[in-house]
Amino acid sequence: MATRAHGGTPRGGRCAPRPQQPARRALLGLTLLLGAGALLCLAPLLFMLMASLKPSSRMLADLGSWRAFWPAPFQPHNYVTIFTRIALGRYLLNSLAVALITVCGSIVVNSLAAYAFAVLRFPGRDLLFAATVALIIVPFEAIFLPLFLTVNRLGWLNSYQALIVPFIANAFYIFLFRQFFLGIPRELLEAARLDGASFFRIYRSLALPLARPAIATVAILEFVARWNDFFWPFLTLTDATKYTAQLGLATFFQGERTQWALVMATATVVSLPVLALFLLMQRAIVSGVAAAGRRF
Amino acid sequence: MATGPSALRISRHAGREEAIAGWFFLLPALALLGLFLVWPALQAVLLSFTDYQLLAPLPTRFAGVENYRQLLGDATVWRAAGTTLTFAALAVPLQTGLALALALGLNQPVPGRSLLRAAYFCPVVISTVVAAVIWSYLYHPTQGLFNRLLTDAGLPAQPFLSSPRQALPAILGIATWQNVGFYLVIFLAGLQQIAPQLYEAAAVDGANGWQQFRFVTVPQLRRTTSFVVIVATIYALRLFTEVYVTTKGGPFGATRTLIYLVWEEGVAFRHTGYAAALAVLFFLLVLAITLLQRRLFGGERGD
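Protein chains in written order, with our numbering: chain E, 1270 to 1565; chain A, 132 to 434.
Honestly, the hints are just simulated from the structure, not real lab data.
Backbone N, C-alpha and C define an ideal beta-carbon position, used for all residues, glycine too.
Be aware that one or more of the hints could be misleading.
If you only want the chain E side, here are some residues facing chain A, beta carbon under 7 angstroms, derived [claimed, not checked]:
hint	residue
1	L1303
2	P1313
3	V1378
4	A1438
5	F1441
6	V1493
7	V1558
8	A1559
Isolated chain E (complex conformation):
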């Protein structure tokens, strides 16, 4: 019975390597298939990079042959040209500042709230937490119009505040931080309390350092979200000097469709920070995404 389940041959000695053979071949086939899929997935990015390194006219002529993936004639000067053609340096700095400030604010504000929800005891806490979690479902697209009006009334249209302040508090990040704080042993926190440490001090020097993985996850998710956002900056910014990198790219693309190589060079520069961040912090990103799925 048991041998049949293994390989179908009743002779014990030869049955061990036999099922291995097709399994190994199947694994090889699977690897090739997954590898081909991965290459297909990367091909558009490779195309972007290669197209950015040659003259626009060449890029057009090469489209549709394998030469689309080869940078000849090599023209890296495109990367200098784009910085003089549009205020790309300014756009990148705008995006960087907006993303970093939002990330810092987001970590402080959301972890504080999460600590209160996870550790501190006070009346109404659980009800308030349930209400906060319910907010996760409200899609940004359903509220952007009145949010636009609110920001306008605050006099923030065409300002960096409009890109930063509304995104600092985030119900999902509060949820994520809370999960982490719940994992800290209560006795540890109570011992610190008995030693006379204030609530803020316990949060600041005991709980927050332990939540470092959650901080990394929130920082990366929020950085990428702010860096890549197009819709909201597109609505609130009209002054071209305040443009973010995405807005600069979209405007450049729609105005200069023929300067393909320059558009591709801009797209590459705009993508580099997030791609680099992803490759460096892969583990934190993947575990953050996985955590989102698991804790649902």
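Please arrange chain A on chain E, whose structure you already have, making use of the hints.
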């Protein structure tokens, strides 16, 4: 240490201190969420019952359900709803299925797993604008990569984004390329949480590969699948940026989605009250589909 009454007094005092600290810790987040999420959500509902026009000096009047009545009779709204739902109906099974298949593959002991996973995830981290820009060159009607491949194979060139019939499927291609890696990672995490003993037990019982998938993987992956399907649905229903960058809702309104219409009506045409009604309907649609899917995927509570 202190006996009965005084200990009680200390703890009551400590309790009040703890409550004050709790409210202080919550204050910044609650204030910001209130001002930039709860208030706008309420305001959307209020505005939807008025004739408010963006940045117009005219006084705003209460309009009752006029906006909603008008919406239901507006052919553009119905068409946009149809476009959005069609897109979601195509995108969700395609992206979820592809992501699950890839995750099952990557869950095997293939060499270079983390490298492969990283390759599939790369399109997720770049922006939608960049994705739309790259793909509009690939889809170019005369010189694009895809048309060159088609004509080389002796097939007629396709208009892709410039055809009312092909534009939406073309955008679906962009969105699928960008999102599959995200769902793949979630599925992979779900698969790795399944206890290997379950597969061993199934193998001992003589279950073949398909049966193991059907009776171990599928039920164990239920919560993950439900999460992926809901997220994929919401993403699909929110479609805007790809459309704005590649087709601006065209050709002939073929890719005008609900959110594109909210933007067009609310910001470009300044019919803000009307657009707010549309946004409220959009939210109800998202809510209804989410609740329905939660129910369909079984009665587990999702803490």
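Okay, the hints, checked on the actual structure:
At a threshold of 7 angstroms, the smallest CB-CB gap from L1303/E to chain A is about 5 angstroms, leaving the interface hint in force. Restraint check, P1313/E versus chain A: the minimum CB separation of about 5 angstroms is within 7 angstroms; hint holds. Proximity of V1378/E to chain A holds as hinted, the smallest CB-CB distance being about 5 angstroms (cut-off 7 angstroms). With 7 angstroms as the threshold, the beta carbon of A1438/E comes within range of chain A, its nearest partner Cβ sitting at about 4 angstroms, so the hint holds.
Look at F1441/E: its Cβ only gets to about 11 angstroms from chain A, farther than 7 angstroms, so that hint breaks. Annotation: interface hint on V1493/E holds; nearest CB of chain A at approximately 6 angstroms, less than 7 angstroms. Hint status for V1558/E relative to chain A: holds, with the closest Cβ pair at about 5 angstroms, below 7 angstroms. The beta carbon of A1559/E comes within 3 angstroms of a beta carbon in chain A, closer than 7 angstroms, and the hint placing it at the interface holds.
Checked against the numbered hints above, the structure breaks only hint 5 and satisfies the rest.
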